Amino acid sequence: MRVTVRLFARLRDLAGSGELVRDVQTPATVQSVWKALVAEMPALGEYERTMSVAVNADYSRMSASVSEGDEVAFLPPVSGG
Amino acid sequence: MALVAVTPAALDIQGLTQEVSRSREGDGAVASFIGLVRDHNQGRRVSFLDYEAYEPLAVRALTRITDEVIQAWPDTRIGVHHRTGRIEIGDSSVIIVAVSPHRANAFAACRYTIERIKQIVPIWKHEHFVGGDVWLEGATADPDDESARQAAYRIACA
Chain A
0 MRVTVRLFAR LRDLAGSGEL VRDVQTPATV QSVWKALVAE MPALGEYERT MSVAVNADYS
60 RMSASVSEGD EVAFLPPVSG G
Chain B
0 MALVAVTPAA LDIQGLTQEV SRSREGDGAV ASFIGLVRDH NQGRRVSFLD YEAYEPLAVR
60 ALTRITDEVI QAWPDTRIGV HHRTGRIEIG DSSVIIVAVS PHRANAFAAC RYTIERIKQI
120 VPIWKHEHFV GGDVWLEGAT ADPDDESARQ AAYRIACA
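Note that the protein sequences, when read in sequence, are chains A and B. Just so we're aligned: 69 in numbering that gives the first Met the number 0 is position 70 of the first sequence, and the numbers increase by one with no gaps anywhere. Just so we're aligned: 12 in numbering that gives the first Met the number 0 is position 13 of the second sequence, and the numbers increase by one with no gaps anywhere.
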């Protein structure tokens, strides 16, 4: 199935794009989407312990399931204000 | 004017103040906070900041914060706007206005809101300084982290 991956800030720079469309195996979780992404782009892996994740623009967890057409976002530590 | 916004446009503290404070005769205090882009950071001479946001989630996170404010200080009303894109030195990146019958709650609501923004709102500063650029990274955002929320509350009430 197909999902949209969103990346922000330095993660976006590392990947060279803020929005990627990827085919992932079902059943998928945020974790499995992330693992596939890091296999493709190992440099992203350094964020595994510090990032937050979101599904369809709502904060989520690595264990959350992902469905066809979902938008899965990986967020470096935030620095607004 | 919306009470919560994430926008590339210049921020309007007067407009937001009017929006938050209008037509409540019981009000006794308005507190506001304006965050500015500073010309130095960690020994670097900053040229400008470029703010990136995951906009729909940033609006949700800001709305969550204003809901938390109303829970903690039920007599208070709050508005918060955060700017995105390139912002020059001295220009405002975030504005917060809190209105309450009493000053203590207005001040606390303002302080709580900026502390929570730095904890859980998906916005990032790309700092451009003399000699290079760097993404600033602060807190791992976890809105369900109760200890972080309590830390913000303690700072607000200190």
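I should point out that these hints are in silico values taken from the structure, not numbers from a laboratory. Be a bit skeptical, because a hint or two may be false.
Now the stretches of chain A that chain B is said to cover, found in silico as 3 or more residues with beta-carbon under 8 angstroms [said to hold, decoys possible]:
{"no.": "1", "segment": "2 to 16"}
{"no.": "2", "segment": "20 to 34"}
{"no.": "3", "segment": "68 to 78"}
Here are some chain A residues the structure puts well away from chain B; computed CB gaps all over 12 angstroms [what the hints assert, rightly or not]:
{"no.": "4", "residue": "V37"}
{"no.": "5", "residue": "A38"}
{"no.": "6", "residue": "E39"}
{"no.": "7", "residue": "M40"}
{"no.": "8", "residue": "P41"}
{"no.": "9", "residue": "S64"}
Since the model is a prediction, treat every value here as computed from it, not as a measurement. Beta carbons: idealized from backbone N, C-alpha and C, even for Gly.
Structure-based check of all given hints:
Check on the segment 2 to 16 of chain A: 6 of its residues sit with their Cβ under 8 angstroms from a Cβ of chain B, so the three-residue criterion for coverage holds. With 0 residues having a Cβ less than 8 angstroms from any Cβ of chain B, the segment 20 to 34 of chain A misses the three-residue criterion, and the hint is violated. Taking a C-beta to C-beta cut-off of 8 angstroms, the segment 68 to 78 of chain A contributes 6 residues in contact with chain B, enough for the three needed, and the coverage statement holds. For A/V37, the non-interface assignment is confirmed: its Cβ lies about 18 angstroms from the closest Cβ of chain B, beyond the 12 angstroms cut-off.
At roughly 23 angstroms from the closest C-beta of chain B, the C-beta of A/A38 stays outside 12 angstroms, upholding its exclusion from the interface. The Cβ of A/E39 sits about 21 angstroms from the closest Cβ of chain B, beyond the 12 angstroms cut-off, so the non-interface label holds. The beta carbon of A/M40 sits about 17 angstroms from the closest Cβ of chain B, which is more than 12 angstroms, so the claim that it is off the interface holds. Against chain B, the non-interface label of A/P41 holds: every CB pair exceeds 12 angstroms, the least being about 19 angstroms.
A cut-off of 12 angstroms between C-beta atoms confirms that A/S64 is not in contact with chain B; the least separation is 18 angstroms.
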